[in-house]
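Kindly produce the complete structure, drawing on both the sequences and the hints.
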Amino acid sequence: MQDYTQVLETVRKLFVYPDEMNWKGMADEVFAENVLMDYSSFGAGEPITMKRDDIIAQWEPFFAKIDSTHHQLGNELVDIAEKEAKVSAYVMAGHYKEMQNGDNLWTVVGTYNIKLFNGKNGWRVTEMKFNYKYQEGNQEIQKQGLEG
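Quick note on my numbering: the sequence shown kicks off at 1 and runs consecutively.
I should point out that these hints are in silico values taken from the structure, not numbers from a laboratory.
Since no wrong hints were added, every one of them can be taken at face value.
In the DSSO-like style, the derived pairs of lysine-lysine whose C-alpha atoms are separated by at most 30 Å in a straight line are: (1) Lys115 - Lys133; (2) Lys24 - Lys97; (3) Lys13 - Lys51; (4) Lys133 - Lys143.
Beta-carbon label-pair distances, calculated as ranges: (5) Gln58 - Gln139: 18 to 26 Å; (6) Asp3 - Asp67: 33 to 41 Å; (7) Gly122 - Gly74: 17 to 25 Å; (8) Asn34 - Glu76: 17 to 25 Å; (9) Glu136 - Gln2: 32 to 40 Å; (10) Gly119 - Lys65: 30 to 38 Å; (11) Glu82 - Gln144: 42 to 50 Å; (12) Ser68 - Lys120: 31 to 39 Å; (13) Gly122 - Thr49: 16 to 24 Å; (14) Asp3 - Asn104: 36 to 44 Å.
Idealized CB from N, CA, C, for every residue including glycine.
Listed below in structure tokens is the structure:
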């Protein structure tokens with residue numbers, strides 16, 4: 001049961017820490033050194049393996065441009081086999097930004113398939129696959145977050 005709890009705790013941090021802008025926690029407690037990122041269902045191109053520091057360098061400016069984010073995780077299913085774990089979970093991601101037109105919310109809904117490995121630093125995320133379901137609200141918020 002200890003592994004189950006630690007796996008879930010790591011996955012929860014994956015969604016809580018960006019909302020808190022806790023990038024040190026993401027590096028030290030969540031990501032493995034290399035992570036296979038797959039957001040292809042959301043139009044992000046082919047899956048790519050990225051270094052943890054590069055993921056954080058990409059995410060940090062996006063989250064900094066949004067006034068507030070809230071990732072709600074639920075319906076987690078966990079499968080652990082020795083040093084590897086698979087977690088599937090529902091996620092709703094709310095992004096709030098004050099906009100001139102008053103349309104201040106953009107929400108994305110989907111599921112994640114997450115793989116973790118238990119190494120010398122504990123359970124760390126090695127793969128993330130987002131399975132897009134739908135989005136609603138002001139998609140301009142995403143565009144502003146991505147602008148360099």
